[in-house]
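Put together the whole structure using the sequences plus the hints.
Letter by letter, the sequence shown follows residues 92 to 355 of this note's numbering.
Hint data in this document are derived by calculation from the structure and do not stem from the laboratory.
Just so you know, even glycine gets a beta-carbon here, dropped at the ideal spot from N, CA and C.
Do not take every clue at face value.
FRET-style restraints, in silico, Cβ to Cβ [said to hold, decoys possible]:
# : residue 1 : residue 2 : range
1 : R120      : L152      : 29 to 35 Å
2 : G280      : L171      : 49 to 55 Å
3 : D157      : I93       : 21 to 27 Å
4 : E248      : G293      : 25 to 31 Å
5 : I93       : L294      : 36 to 42 Å
6 : E208      : A256      : 42 to 48 Å
7 : H161      : E208      : 26 to 32 Å
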Amino acid sequence: NIGHDLNSFSKGRFVLGLGSQIRPHITKRFSMPWSKPAARMREFISAMRAIWACWHEGMPLQFEGDFYTHSLMTPMFTPLDTQYGAPKVFLAAVGPLMTEVAGEVADGVIIHAFTTEKYLREVTLPAIDRGLAKAGRSRADFEISYPGFVVTGHTEEAFNANMAATRKQIAFYGSTPAYAPVLGVHGWGDLQPELNKLSKQGLWDDMANLITDDILNEFAVVGEPEAAVDLFKGRFSNVVDRTMGNFAGKDEDHSRALLARLNA
92 NIGHDLNSFS KGRFVLGLGS QIRPHITKRF SMPWSKPAAR MREFISAMRA
142 IWACWHEGMP LQFEGDFYTH SLMTPMFTPL DTQYGAPKVF LAAVGPLMTE
192 VAGEVADGVI IHAFTTEKYL REVTLPAIDR GLAKAGRSRA DFEISYPGFV
242 VTGHTEEAFN ANMAATRKQI AFYGSTPAYA PVLGVHGWGD LQPELNKLSK
292 QGLWDDMANL ITDDILNEFA VVGEPEAAVD LFKGRFSNVV DRTMGNFAGK
342 DEDHSRALLA RLNA
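Set out below in C-alpha cells:
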C-alpha cells in the first residue's frame, strides 16, 4: 500500500524502484534466504501488477507462481483513491539476466553508477532489447535511468576532493564479485579480486590507489561543471532518459542553468 499511497500523494509522479541487492547483503545483513534473484524479481513484479489490477481494474486476485501466491484481497485492504493508477516500476540491474527482466516486466531500468559507456552499450542495451522483445514492447515503452559518477568542482580543492571520493567509491564497487563483468569488458578483470582482497583487510585507501586515471575516466565524467555536462550528454544523450548526476552548481541559479544545459 505504501507505493500506492506515495503515487496518490504525488499525483501519479511516483516511481517505485526495486532491486535485488547481492547475496551477502541478503543472507548476512538481512538474514534472509537467497535463490534465483532474476526469476524471483520477474515473478515479484508480476505478482505486484496482479494486485494492482485487482485494486484499479476490479480483476479477481488469483496469482500463483513458483515463489509467490496471492489470492485474498478484502475491501479493508483495497485503496479507495485510485484516480492516478498504479505507479511506474523501475528495476535496478547490473547483470544481463536482471537487465533482461527489467526490459520484460518493468517500466524502466536503474543502471548502477558502476557502469561504463562500453558496458552499457555492449551488455546492458542488448539485454534490455531481449526483454522488450519477450514482452512485445518497444524502446519507446521503456525508460533508462543512470545516476553516473561526476567529478567536478568550482575550486581546485573541491575538484580534488570529489575526485578522491569518486576513486574510493569506484574501488568499493569494483571489489564486489557480482560487478566483475563490468571491469571485464575493459580487460581489467584481474583488478576485481585484488580490490576484494584489500577490502577484506580493511585497506580502503590502498584500494582507491588502484583506480588509475584511465579507469576513473571510463566510469566518471571529469571536468568543470559545464564541461562535465557536455561530456555526459556526449556519452549518453542518445541512450539515457533520466540521470541523477551531481553537476555541482555553485548556487541555485547556476544549478538551474546546468540542468537546462543538460536538457537542451
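Tested hints:
1. R120 to L152: 29 to 35 Å: 32 Å, holds
2. G280 to L171: 49 to 55 Å: Roughly 54 Å apart at Cβ, these two residues keep to the hinted range, so it holds.
3. D157 to I93: 21 to 27 Å: Once the Cβ atoms are compared, 25 Å apart, the range 21 to 27 Å for I93 and D157 holds.
4. E248 to G293: 25 to 31 Å: Hint holds: Cβ distance 27 Å, inside 25 to 31 Å.
5. I93 to L294: 36 to 42 Å: Since the Cβ atoms of I93 and L294 sit about 40 Å apart, the hinted range of 36 to 42 Å holds.
6. E208 to A256: 42 to 48 Å: With a Cβ separation near 21 Å, E208 and A256 fall outside 42 to 48 Å, so the hint is violated.
7. H161 to E208: 26 to 32 Å: Once the Cβ atoms are compared, 40 Å apart, the range 26 to 32 Å for E208 and H161 is violated.
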